[in-house]
Amino acid sequence: MMSGWPLLSLVTFLPLVGAGFIFCVRGSDEVVAQNARHAALWTSLLTFVLSIFLWVDFDVRTSDFQFVETRAWIPAFGITYKMGIDGVSLLFVLLSTFLTPICILASWEAIETRVREYMISFLVLETMMVGMFCALDMVLFYIFFEGVLIPMFLIIGVWGGKRRVYSAFKFFLYTLAGSVLMLLAILFIYFETETTDIPALLNIYIEPNVQFWLWLAFFASFAVKVPMWPVHTWLPDAHVEAPTAGSVILAGVLLKMGAYGFLRFSVPMLPDASVFFTPFVYVLSIIAIIYTSLVALVQEDMKKLIAYSSVAHMGFVTLGTFTGNVQGVEGALFTMLSHGIVSGALFLIVGVIYDRMHTREIARYGGLVHRMPLYAFVFMVMMLASVGLPGTSGFVGEFLSLAGAFQANTWAALFATTGIILGAAYMLYLYRRVVFGELTRQDLKNITDLNLREKIIFAPLVVLVLWMGIYPKPFLDVFAASSGPIAARYHAAKTAAVLQPGIFSLIAEKPE
Amino acid sequence: MYSLAVLMPLIGASIAGLLLAFAPKGHGRDLAAQLATCICMGLSALLAIVIFHQVAILGQSRTVELFPFITSGAMQASWAFKYDTLSAVMVFVVTVCSTAIHVYSIGYMHDDPGVPRFMAYLSLFTFCMLMLVTADNFIQMFFGWEGVGVCSYLLIGFWYDRPSANAAAIKAFIVNRVGDFGFALGIFGVFAMFGSVVFDDVFAAVPTFVGTKLAFLSWEFDTLTLLCLLLFVGAMGKSAQVPLHTWLPDAMEGPTPVSALIHAATMVTAGVFMVARLSPMFEYAPDALAVVCIVGASTAIFAASVGLVQNDIKRVIAYSTCSQLGYMFFACGVSAYAAAIFHLMTHAFFKALLFLSSGSVIHAMSGEQDMRKMGGLAPYIPITLAMMWIGSLALAGLPFFAGYYSKDIILEAAFGAHSAVGQYAFWLGIVAAFMTAFYSWRLLFMTFYGEPRGDKKVMAHVHESPWIMLVPLFVLAVGAIFAGWIGYESFVGSRMNEFWRESILVLPAHNSIEAAHHVPFWVKILPIIVGLVGIGLAYGLYIRDPERPRRIAQNAQGLYRFLLNKWYFDELYDAIFVRPSFTLGFGFWKKGDEATIDGLGPDNIAANTLRLARRASALQTGYVYHYAFAMLIGVVTLVTWYMLVRG
Numbered sequence: 001m002m003s004g005w006p007l008l009s010l011v012t013f014l015p016l017v018g019a020g021f022i023f024c025v026r027g028s029d030e031v032v033a034q035n036a037r038h039a040a041l042w043t044s045l046l047t048f049v050l051s052i053f054l055w056v057d058f059d060v061r062t063s064d065f066q067f068v069e070t071r072a073w074i075p076a077f078g079i080t081y082k083m084g085i086d087g088v089s090l091l092f093v094l095l096s097t098f099l100t101p102i103c104i105l106a107s108w109e110a111i112e113t114r115v116r117e118y119m120i121s122f123l124v125l126e127t128m129m130v131g132m133f134c135a136l137d138m139v140l141f142y143i144f145f146e147g148v149l150i151p152m153f154l155i156i157g158v159w160g161g162k163r164r165v166y167s168a169f170k171f172f173l174y175t176l177a178g179s180v181l182m183l184l185a186i187l188f189i190y191f192e193t194e195t196t197d198i199p200a201l202l203n204i205y206i207e208p209n210v211q212f213w214l215w216l217a218f219f220a221s222f223a224v225k226v227p228m229w230p231v232h233t234w235l236p237d238a239h240v241e242a243p244t245a246g247s248v249i250l251a252g253v254l255l256k257m258g259a260y261g262f263l264r265f266s267v268p269m270l271p272d273a274s275v276f277f278t279p280f281v282y283v284l285s286i287i288a289i290i291y292t293s294l295v296a297l298v299q300e301d302m303k304k305l306i307a308y309s310s311v312a313h314m315g316f317v318t319l320g321t322f323t324g325n326v327q328g329v330e331g332a333l334f335t336m337l338s339h340g341i342v343s344g345a346l347f348l349i350v351g352v353i354y355d356r357m358h359t360r361e362i363a364r365y366g367g368l369v370h371r372m373p374l375y376a377f378v379f380m381v382m383m384l385a386s387v388g389l390p391g392t393s394g395f396v397g398e399f400l401s402l403a404g405a406f407q408a409n410t411w412a413a414l415f416a417t418t419g420i421i422l423g424a425a426y427m428l429y430l431y432r433r434v435v436f437g438e439l440t441r442q443d444l445k446n447i448t449d450l451n452l453r454e455k456i457i458f459a460p461l462v463v464l465v466l467w468m469g470i471y472p473k474p475f476l477d478v479f480a481a482s483s484g485p486i487a488a489r490y491h492a493a494k495t496a497a498v499l500q501p502g503i504f505s506l507i508a509e510k511p512e
Numbered sequence: 001m002y003s004l005a006v007l008m009p010l011i012g013a014s015i016a017g018l019l020l021a022f023a024p025k026g027h028g029r030d031l032a033a034q035l036a037t038c039i040c041m042g043l044s045a046l047l048a049i050v051i052f053h054q055v056a057i058l059g060q061s062r063t064v065e066l067f068p069f070i071t072s073g074a075m076q077a078s079w080a081f082k083y084d085t086l087s088a089v090m091v092f093v094v095t096v097c098s099t100a101i102h103v104y105s106i107g108y109m110h111d112d113p114g115v116p117r118f119m120a121y122l123s124l125f126t127f128c129m130l131m132l133v134t135a136d137n138f139i140q141m142f143f144g145w146e147g148v149g150v151c152s153y154l155l156i157g158f159w160y161d162r163p164s165a166n167a168a169a170i171k172a173f174i175v176n177r178v179g180d181f182g183f184a185l186g187i188f189g190v191f192a193m194f195g196s197v198v199f200d201d202v203f204a205a206v207p208t209f210v211g212t213k214l215a216f217l218s219w220e221f222d223t224l225t226l227l228c229l230l231l232f233v234g235a236m237g238k239s240a241q242v243p244l245h246t247w248l249p250d251a252m253e254g255p256t257p258v259s260a261l262i263h264a265a266t267m268v269t270a271g272v273f274m275v276a277r278l279s280p281m282f283e284y285a286p287d288a289l290a291v292v293c294i295v296g297a298s299t300a301i302f303a304a305s306v307g308l309v310q311n312d313i314k315r316v317i318a319y320s321t322c323s324q325l326g327y328m329f330f331a332c333g334v335s336a337y338a339a340a341i342f343h344l345m346t347h348a349f350f351k352a353l354l355f356l357s358s359g360s361v362i363h364a365m366s367g368e369q370d371m372r373k374m375g376g377l378a379p380y381i382p383i384t385l386a387m388m389w390i391g392s393l394a395l396a397g398l399p400f401f402a403g404y405y406s407k408d409i410i411l412e413a414a415f416g417a418h419s420a421v422g423q424y425a426f427w428l429g430i431v432a433a434f435m436t437a438f439y440s441w442r443l444l445f446m447t448f449y450g451e452p453r454g455d456k457k458v459m460a461h462v463h464e465s466p467w468i469m470l471v472p473l474f475v476l477a478v479g480a481i482f483a484g485w486i487g488y489e490s491f492v493g494s495r496m497n498e499f500w501r502e503s504i505l506v507l508p509a510h511n512s513i514e515a516a517h518h519v520p521f522w523v524k525i526l527p528i529i530v531g532l533v534g535i536g537l538a539y540g541l542y543i544r545d546p547e548r549p550r551r552i553a554q555n556a557q558g559l560y561r562f563l564l565n566k567w568y569f570d571e572l573y574d575a576i577f578v579r580p581s582f583t584l585g586f587g588f589w590k591k592g593d594e595a596t597i598d599g600l601g602p603d604n605i606a607a608n609t610l611r612l613a614r615r616a617s618a619l620q621t622g623y624v625y626h627y628a629f630a631m632l633i634g635v636v637t638l639v640t641w642y643m644l645v646r647g
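Protein chains in written order, with the numbering used here: chain A, 1 to 512; chain B, 1 to 647.
Extracted from the complex, chain A is given alone in its bound form:
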């Protein structure tokens, strides 16, 4: 119905327009703050509404890119402004546009200083995220991919907690270090193939030995973003120091960028290298699941616990991505989507009590159910979703990725499945310490339950978690549009088995 419009560009750049508008607001601090909040909220809501049309008009029967827009940009180098989405990216665009208004609403009262700058950062961040998922040109993708870092760096560094500067730099340097290698890979691809057009590159066969090095370069960048063990240590710090809404976006969308990169570039463009490195990815994924689950079990800070649990959940994603079958790939995509909502909600849940008590230490709580029954209910739903209970969104993705893993490698499936036990252990243990028990602390006796604003924030999240858990078909149908070709490419490479295990022989015969 809106086919004549450049819908993707509209969704991408509308937040930027809103940011520009906020930038121009003048007046006393209070007026500016209030205007900035409203402007940001309405801009992001409008963006969300527009993005829904993407889903409505999306054709799930084709794996081609849709809503494609092409404009000349740097003709001298053949670099174009090209946007488009397929089954892999569509729902992540929606996830970004869905979470942004929730984040702005969650920051309504929590952010009191430099409100205008904060809201601008958030809207710029939204543009970058959406653009990243829509970009169909390598250079454009890289710009958005790196561009995300800047507003996020500011959000952590300016509005964060006590160690915010340390965390912000750790976050920035960690992710930038990986990205530099990706830039090299992109330049190399450009010089070799003379195009940066992603759909075109998907149809160009790259020499296996070249794939080997390109894969590693991309991996360095994406693994940090996911994050995979052992390059995950920036995440707990970043989460702990970030303001609540920053954590929500970080866990909800930014962590998906790495896995998105694997599914967009590594597996389809470099299938031979992907097959070659599969065991390596499995090992890291399994370590991520078991190791970080155990670390989560002993955390004393709520946000840190959830941050570690995110690393474990991302382990299921990377595992599923590299199974090379439909269930695994769809499971990975579904886990990403579900985790975006559930972990975002969990950070909001921590934020609710942090706003009231100004501490995230688990030991400082206990017995909240007595004063906050509704809060306890929401927390329960999200906890169970995180644990992967059937009927919630967490189950579908986890189940599919593990079912995919079993077909690919039973050892990997066996170890990864222990994650469902450990996941239950740390989440139940957290819930018990915070929500159950007697309410003994004096300062908790007057804590209040969710207010209207918080109810409005949580209601859509709860509905979505149950919807995705009970009737996941609409979501799976979107993924199915693209999971087949990805799995097929991987499978073909596996059958061909061009790259044989034995890294040293490969390094010896240098790529031409």
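It should be emphasised that the hints constitute simulated quantities derived from the structure, not laboratory data.
Please read these numbers as outputs of a predicted model, since none were measured by experiment.
Don't take each hint at face value.
To be verified - No farther apart than 27 Å at their CA atoms in a straight line, the calculated lysine-lysine pairs in the DSSO-like style are these: (1) B:Lys457 to B:Lys373; (2) B:Lys25 to A:Lys445; (3) A:Lys162 to B:Lys590; (4) A:Lys304 to B:Lys591; (5) A:Lys304 to A:Lys455; (6) B:Lys25 to A:Lys455; (7) A:Lys162 to A:Lys304.
Add chain B to chain A, keeping to what the hints say.
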């Protein structure tokens, strides 16, 4: 109608939940929640009876599909209700018992502040169980499977102020998850091999997989044996079989109606149901069946032995449940699935009766559960006493009570199977039957007879329970008396084949139930004799000479402690799983993440960069003579080098 039978409890739970969220606190809200859930449950039970008639008696099996659930490539599963004789029996048992428990809860929980929440959990639990038994594919079964797990977590931890209740709730969930781990792997394996998760597709393909190999981990296994064993791990977790039984006795922390619901009609029977449902797979995996048989028989005797010495009235019954489930499993293990389901049904009635009666005792004793502080209650609560007697008679399998028919057919089938594992199961089953009779009457004698040992204040308050609690007992008592007699011919007797039809598959070579009808007379009579001996021994020890048990316990300290501490399973698991997990987690965090990764990686690089930068900046002192001196050195070096090379 077929959908409504399952969905009614969900509707009831939703109403109770909405009342909880929106209605003002008070008696009216509680009453509304109780009424809504009980009416929904009652309707569901009525529908179940009609369905039972249509499906099991008239043979109109059917599957009602609602809408798709998971659709991913070849993995296609729907939300569906599969009704055949097996599920119709289960739906009937579950809804009837659950209705009785719902009504009973009105009385039992009347002064609890969390009534609507409790009723909502009960109904939700029942809903999950119904989803489990009516599933037509593995994934929906897994939904119900985990659903009852989480509801039991909520119900066991219902009194969330108690640390012990919270601990028990978490334990129940985690141990169940260990079982689910196996179940999940089994489902993945089934999908990997059969390319489908729908029961009918899988069952149809099973014969073609006989003798094939499946590469699992680094070894090759017989496909069906491996898959059945993995799935059976799930059954062990849910049905509290050794070594995954530890959660069940602790689950007694929940309110008594919960114990009745979890341990009688639902949840713990899910494992038995699963094996019966998957009989078309297990039948072709004789090695897996042997394992089922051994695990069942071992659990039967292990749990009975622990039950001998427990002092908490509910724990005795809990171990008895564990033990009876063992009977059901070894029945499955000798291919007597019908006998297992028969015992499941009779057990549901008499065990629910026993639990609710013990609840009535606890209610009368103002919450006391320790039998050492009871005694002499018979004159005060005669109706409860009568109910307890009926339940115990049925449990011990004395003639013509329900348990007599079902337990005997299981033991006879084990004997009739003429296999080594069958004999193992038979003899352990006989010993367990003796222990069962002993601990049941020990419970009766310690609670109701002899000198009152409770403190005076409590004893002064002892009173019979209200009618709202007694009526459900009567209903269950009717079942405990007559269910065996009525069901015998259909479930395991001459009409067996017309009754079960295709819902259970037994290969002709495995027909142990047929063989059970032709065992020697002593096999038929032995269980009754050991039962009577057990009762006699209990009488001798607890009525004739009440001091004797203590002396025996003192003389056999080691054995007594070993049994009282449940063979030290909890301590063992704590030492090898729980504590190492925390130690490892802490080690990974402090030593792995912070010391190694951060220490060598970012922090190290940052520190080194900083040091280098400091050095470099230290060079820039701002004094002219420093720079001049540096330049001079440079010039000298250059000139020297030039002269040496050129010269």
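Hint numbers the structure violates, sorted upward?
none
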